[in-house]
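Q: In order, the protein sequence lines correspond to chains A and B. The working numbering numbers the first residue of the first sequence as 386 and each following residue consecutively. The working numbering numbers the first residue of the second sequence as 1346 and each following residue consecutively.
Among the hints, erroneous ones may be present.
Capping the alpha-carbon separation at 20 Å, the derived lysine to any residue pairs in SDA-like fashion look like this [said to hold, decoys possible]:
id: 1; chain 1: A; residue 1: 480; chain 2: B; residue 2: 1399
id: 2; chain 1: A; residue 1: 394; chain 2: B; residue 2: 1396
id: 3; chain 1: A; residue 1: 480; chain 2: B; residue 2: 1397
id: 4; chain 1: A; residue 1: 480; chain 2: B; residue 2: 1389
id: 5; chain 1: A; residue 1: 480; chain 2: B; residue 2: 1398
id: 6; chain 1: A; residue 1: 480; chain 2: B; residue 2: 1407
id: 7; chain 1: B; residue 1: 1402; chain 2: A; residue 2: 456
id: 8; chain 1: A; residue 1: 480; chain 2: B; residue 2: 1361
id: 9; chain 1: A; residue 1: 458; chain 2: B; residue 2: 1398
id: 10; chain 1: A; residue 1: 480; chain 2: B; residue 2: 1442
id: 11; chain 1: A; residue 1: 480; chain 2: B; residue 2: 1421
id: 12; chain 1: A; residue 1: 480; chain 2: B; residue 2: 1413
id: 13; chain 1: B; residue 1: 1356; chain 2: A; residue 2: 413
id: 14; chain 1: A; residue 1: 480; chain 2: B; residue 2: 1386
id: 15; chain 1: A; residue 1: 480; chain 2: B; residue 2: 1426
id: 16; chain 1: A; residue 1: 407; chain 2: B; residue 2: 1441
id: 17; chain 1: A; residue 1: 394; chain 2: B; residue 2: 1384
id: 18; chain 1: A; residue 1: 480; chain 2: B; residue 2: 1383
id: 19; chain 1: A; residue 1: 480; chain 2: B; residue 2: 1401
id: 20; chain 1: A; residue 1: 480; chain 2: B; residue 2: 1417
id: 21; chain 1: B; residue 1: 1356; chain 2: A; residue 2: 426
id: 22; chain 1: A; residue 1: 394; chain 2: B; residue 2: 1365
id: 23; chain 1: A; residue 1: 480; chain 2: B; residue 2: 1452
id: 24; chain 1: A; residue 1: 480; chain 2: B; residue 2: 1410
id: 25; chain 1: A; residue 1: 480; chain 2: B; residue 2: 1374
id: 26; chain 1: A; residue 1: 394; chain 2: B; residue 2: 1410
id: 27; chain 1: A; residue 1: 480; chain 2: B; residue 2: 1450
id: 28; chain 1: A; residue 1: 480; chain 2: B; residue 2: 1382
id: 29; chain 1: B; residue 1: 1356; chain 2: A; residue 2: 428
id: 30; chain 1: A; residue 1: 394; chain 2: B; residue 2: 1382
id: 31; chain 1: A; residue 1: 480; chain 2: B; residue 2: 1411
id: 32; chain 1: A; residue 1: 480; chain 2: B; residue 2: 1356
id: 33; chain 1: A; residue 1: 480; chain 2: B; residue 2: 1403
id: 34; chain 1: A; residue 1: 480; chain 2: B; residue 2: 1441
id: 35; chain 1: B; residue 1: 1402; chain 2: A; residue 2: 388
id: 36; chain 1: A; residue 1: 480; chain 2: B; residue 2: 1375
FYI, nobody ran anything at the bench for these hints, they're computed from the structure. Since the model is a prediction, treat every value here as computed from it, not as a measurement.
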Amino acid sequence: AQRVTQPEKLLSVFKGAPVELKCNYSYSGSPELFWYVQYSRQRLQLLLRHISRESIKGFTADLNKGETSFHLKKPFAQEEDSAMYYCALNTNAGKSTFGDGTTLTVKP
Amino acid sequence: GAGVSQSPRYKVAKRGQDVALRCDPISGHVSLFWYQQALGQGPEFLTYFQNEAQLDKSGLPSDRFFAERPEGSVSTLKIQRTQQEDSAVYLCASSPDLTGLGTDTQYFGPGTRLTVL
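Could you put together the complete structure from these sequences and hints?
A: Below, the structure is given as structure tokens:
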């Protein structure tokens, strides 16, 4: 069975500090991994996906198959990054598994 | 263009009542997903459609839950004889599914918050 674990429920950093949101997964096949973000009073939206290997809003995430991790990183956090972040795993059968999310607060 | 829309946005039901939740996906999107999100948790997969075909309904928690997408566009999630444990936000997402594998980016609706008293 597939599973996504986000070990930190809450994460608080100061503006300008580096931030890392952890995500670990378990899945026997080739995973497709995503990070979704939900800003206050907005809907869930895609932040980035591992196959595109791009940086969005300064965030990057590298898939580490050896450690089964897909941690989200940003070198200098901004106040507007405060939001709920979800890591998600898709299989090739359409089923998506989400972690329980990490609430990031960036303090001024 | 318009995103995914869901109606109603809020629904209060008495225990035992039937409810129907509607999802209007982005026009032309092949795949449609339903999720249940309990307070403090991530979205939990319920079911997945590719056009009108329901390819996976393994996440539906009981036979009181039923989803349909008869013309491959609008979808309805129906919950019969609602129970208090059905209280949650129900999210709908659609995807263009360019790969044909159901792994494309999903675009989410605002959700329907269901409260069962």
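Q: Hint by hint, say whether it matches the structure.
A: Results for each hint:
Proximity of residue 480 of chain A to residue 1399 of chain B is assessed by CA-CA distance (about 12 Å); at most 20 Å being required, the pair is judged to hold. Only pairs whose Cα atoms come within 20 Å are accepted, and residue 394 of chain A paired with residue 1396 of chain B is rejected, the gap being roughly 36 Å. Between the alpha carbons of residue 480 of chain A and residue 1397 of chain B the distance comes to roughly 17 Å, so the proposed pair stays at or under 20 Å and holds. Between residue 480 of chain A and residue 1389 of chain B, the direct Cα distance comes to roughly 10 Å. Compliance with the 20 Å bound is thereby established for this hinted pair.
A C-alpha spacing of about 14 Å is found between residue 480 of chain A and residue 1398 of chain B, which places the hinted pair at or below 20 Å, so the restraint holds. Among the hinted pairs, residue 480 of chain A with residue 1407 of chain B is consistent with the structure: their alpha-carbon atoms are about 18 Å apart, no more than 20 Å. For the given pair, residue 1402 of chain B sits about 30 Å from residue 456 of chain A by alpha-carbon distance, which is inconsistent with the 20 Å threshold. With a C-alpha separation of about 29 Å, the suggested pairing of residue 480 of chain A with residue 1361 of chain B is violated against the 20 Å cut-off.
Restraint check for residue 458 of chain A and residue 1398 of chain B: the C-alpha separation of about 38 Å exceeds 20 Å, so the hint is violated. Note on residue 480 of chain A and residue 1442 of chain B: the hinted pairing holds, with a Cα-Cα distance of about 13 Å set against a maximum of 20 Å. For the suggested pair residue 480 of chain A and residue 1421 of chain B, the alpha carbons sit about 19 Å apart, so the restraint of at most 20 Å is met. A C-alpha spacing of about 17 Å is found between residue 480 of chain A and residue 1413 of chain B, which places the hinted pair at or below 20 Å, so the restraint holds.
Between the alpha carbons of residue 1356 of chain B and residue 413 of chain A the distance comes to roughly 39 Å, so the proposed pair goes past 20 Å and is violated. A threshold of 20 Å between alpha carbons decides the hint, and for residue 480 of chain A with residue 1386 of chain B the separation of about 17 Å falls inside it, so the pair holds. Taken as a hint, the residue 480 of chain A and residue 1426 of chain B pair is broken in the structure, with Cα atoms around 26 Å apart against an allowance of 20 Å. Between residue 407 of chain A and residue 1441 of chain B the alpha-carbon distance is near 28 Å, which puts this suggested pair outside the 20 Å criterion.
The suggested pairing of residue 394 of chain A with residue 1384 of chain B holds, with an alpha-carbon distance near 13 Å, which does not exceed 20 Å. Using a Cα cut-off of 20 Å, the hinted pair residue 480 of chain A and residue 1383 of chain B holds, with the two alpha carbons roughly 18 Å apart. A threshold of 20 Å between alpha carbons decides the hint, and for residue 480 of chain A with residue 1401 of chain B the separation of about 8 Å falls inside it, so the pair holds. Annotation: proposed proximity of residue 480 of chain A to residue 1417 of chain B holds, straight-line Cα distance about 18 Å (limit 20 Å).
About 18 Å separates the Cα atoms of residue 1356 of chain B and residue 426 of chain A, which keeps this hinted pair within 20 Å; it holds. For the hint pairing residue 394 of chain A with residue 1365 of chain B, the CA-to-CA distance comes to about 32 Å; that exceeds 20 Å, so the pair is violated. Taking the CA atoms of residue 480 of chain A and residue 1452 of chain B, the gap is near 15 Å; set against the 20 Å cutoff, the hint holds. Between residue 480 of chain A and residue 1410 of chain B the alpha-carbon distance is near 17 Å, which keeps this suggested pair within the 20 Å criterion.
Simply put, residue 480 of chain A and residue 1374 of chain B have alpha-carbon atoms about 16 Å apart, close enough for the 20 Å limit, and the pair holds. For the hint pairing residue 394 of chain A with residue 1410 of chain B, the CA-to-CA distance comes to about 30 Å; that exceeds 20 Å, so the pair is violated. With a CA separation close to 12 Å, the supplied pair residue 480 of chain A and residue 1450 of chain B stays within the 20 Å bound. Among the hinted pairs, residue 480 of chain A with residue 1382 of chain B is consistent with the structure: their alpha-carbon atoms are about 15 Å apart, no more than 20 Å.
This hinted pair checks out: residue 1356 of chain B and residue 428 of chain A have alpha carbons roughly 18 Å apart, not beyond 20 Å. With a CA separation close to 16 Å, the supplied pair residue 394 of chain A and residue 1382 of chain B stays within the 20 Å bound. Among the hinted pairs, residue 480 of chain A with residue 1411 of chain B is consistent with the structure: their alpha-carbon atoms are about 17 Å apart, no more than 20 Å. About 26 Å separates the Cα atoms of residue 480 of chain A and residue 1356 of chain B, which puts this hinted pair outside 20 Å; it is violated.
Distance check on the hinted pair: residue 480 of chain A and residue 1403 of chain B sit about 9 Å apart at the alpha-carbon level, within 20 Å; holds. Of the pairs offered as hints, the one joining residue 480 of chain A and residue 1441 of chain B holds, with about 15 Å between alpha carbons and a cut-off of 20 Å not exceeded. Annotation: proposed proximity of residue 1402 of chain B to residue 388 of chain A holds, straight-line Cα distance about 18 Å (limit 20 Å). Restraint check: the Cα-Cα separation between residue 480 of chain A and residue 1375 of chain B comes to about 15 Å, which is no more than 20 Å; the hinted pair holds.
Consistency note: the structure conflicts with the earlier hints numbered 2, 7, 8, 9, 13, 15, 16, 22, 26 and 32.
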